[in-house]
Amino acid sequence: MGTGPRDQVHGGVGQLIGELVHLTVTGILVASLLALGAVGLSLTFGVARFANVAHPDFMMLGAYATFAFNALVGVPFWWAALLGIGAALLVGVPVARLAYDKLPVTGTVQLLVISIGVSFILRHAVLFAFGSSLLQFSVPLQRPYVWGPVRLTPYQLLTLAVAAVLVLAVHLLLSRTKLGRVLRAIADNAVLTEIAGADVGRARLAMWFIAVLLAATGGVLFGLNLVIQPNMGWDLVIPIFSAAIVGGIGNPYGAMGGALVIGLAQEWSTLLIPASYKEAIAFGAMALCLMFRPRGLWGGA
Amino acid sequence: MTDYLIALATIIGIQVLLTLGLTLHYGITGLVNFGHVAFYALGAYASALLTLAGVPFMVAMGAGVVLAVAASLLVGTATLRLREDYFAILTLGFSELLRLLLLNVRDLTRGALGIPGIPRPWRAVSGVPDHVAYLGLVLAAVAIAFVLSEILARSPLGRTLRAIRDDDQAAMALGKDVLRFRLTALGWGAALAAVAGSLWAHYVTYVVPDQFTPEITFYTWMAMIIGGPGSMRGAVWGTAVLFVVLEGTRFAKDVMPGLDAPRLAALRQIVIGLGLIVLTVYLRKLGGRTRPRVAPAHVRT
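Chains as they are written, first to last, in my numbering: chain A, 1 to 301; chain B, 1 to 301.
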């Protein structure tokens, strides 16, 4: 997120506090976008047991499908978003099923290399179709609401709300439903779960559905607040993996907290170092976490 | 046409050095290095900056090698204890971080402007054209690297590295210092990549961070997979096949008129992605660590 207009508070300390509040709000916004990617990534890492580098590209799919309906076909944004997320699911879920579940490979390294291939294909298919320029949804500009030093546009409020609702929904799904129980069981021990008679194939289909749904929605919200380009998924690989790893990979709840840590750390860091090093902050957090707290800041499984 | 073939051979030769390095990393030792391009970039930039400061070519190249090996040992010490997929993500992140630094430390690297005017060594060998002499230099480097790599792979050190790749716990039980051996392999491979980077910089006489994207890493992976990981001869012909095919796709516009250059480039990347997937499935021995995980999730099994 770019730094918006500064708050009107004058003087040293007041200005610093205003700045800090502004960065915190931006950080929480970034975190809600990262969380939509990181929760799905963490879920698939726990259940399918490999690092899906193509996961952030599902965000790009959602954003570009929405752009196509919205700016090219001319569908109003809200309908375009729904259609776009649907289209991303129609492409993303079969691709994930085919590439990660159906191929006769099982090794983590093999699946990792395959996910690099999937990422190449998705990114460049979009590049082929839409070109490499920065694109924007056609949505009306909106005035921000101002509460003291806090300024939020309705789109930003919507982003926070949608992220919160979806993350809560995933929480309820994992903790309250049979599917959630099966997914958690597979993450613990896939072989035993299968022996116990659970339909692992169907659970994995549902898992990819959830992962792509969250990511595509995150991508649409990303496009609503910023501009989109074919590399957006690739550029999000490090921040999203950082959020998932800081939160304890394989632990979708942790990923929400991890996203918050990364989002805030990235924004707060701009007080001290140039903004172009934001990505380095995410990488540093991930590296430190893997070295000293490899199970994530919150430990546990 | 002859000039074109000489240029192609020079580029393939430089790329073979990269593939030989990755073969030492992954093919022999089983290190999932997704950040190979970082060592290439360090070799290129160090060599470029030093020769422009008046240091002789060979010394500058040596400095690049030292720098890349030091970086590889630093990265390796911090991350080699981790599971292989974490190592993969961290090395990928490291290479992106380095590119970010090259883009932003403008006082040293001129950022996105790049460094032009890097001198070629021995500009005038009597009677021999510049580019032919340079091809000779590259081929000499490839020959030396090939022989050294073969010797290393066949030596007791190579046997230990392969033993670590196949079962690191057994190697550990036999009293081998697994981390030290892995670092040795990482350092040798990084050295080869740095030589390649230096040769690249002085060949194209211009370096810019955009030349050092992760795509270089994955081209190298693909070349290694084509030739069969673990074989030095395979590294050579795998690289040659990949680059001849890639060059061949440049002529695709004769078959598919009406496609502009960016679209053709995107198509090439899609082919690369498909190739990675197909070859990974076809060569199942790639990273076939499929035995059940017994250690805790964050420890390398």
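Some clues are possibly wrong.
Unchecked claim - Have a look at the derived ranges for each label pair, beta carbon to beta carbon: (1) K178(A) / L74(B): 30 to 38 angstroms; (2) R202(A) / R268(B): 34 to 42 angstroms; (3) L173(A) / A173(B): 41 to 49 angstroms; (4) R181(A) / L174(B): 39 to 47 angstroms.
Claimed, not checked - Quick look at which bits of chain B chain A covers, simulated, 3 or more residues with Cβ under 8 angstroms: (5) 85–99; (6) 260–274.
It should be emphasised that the hints constitute simulated quantities derived from the structure, not laboratory data. Computed from a prediction, not measured in an experiment: that's the story for all the values here. All C-beta atoms in this analysis are idealised placements derived from N, C-alpha and C, irrespective of residue type, glycine included.
Comparing the hints with the structure gives:
Under the hint 30 to 38 angstroms, the C-beta atoms of K178(A) and L74(B), about 48 angstroms apart, miss the expected range. Judged by the Cβ atoms, the range 34 to 42 angstroms given for R202(A) and R268(B) holds: they are separated by roughly 37 angstroms. In this structure the supplied range 41 to 49 angstroms holds for L173(A) paired with A173(B), their Cβ-Cβ distance being about 44 angstroms. Between R181(A) and L174(B) the C-beta distance comes to about 43 angstroms, which sits within the given range of 39 to 47 angstroms.
For the segment 85–99 of chain B, the assignment as covered by chain A holds, since 10 residues bring a beta-carbon within under 8 angstroms of that chain's beta-carbons and 3 suffice. With 9 residues having a beta carbon nearer than 8 angstroms to a beta carbon of chain A, the segment 260–274 of chain B meets the requirement of three or more and the stated coverage holds.
Checked against the numbered hints above, the structure breaks only hint 1 and satisfies the rest.
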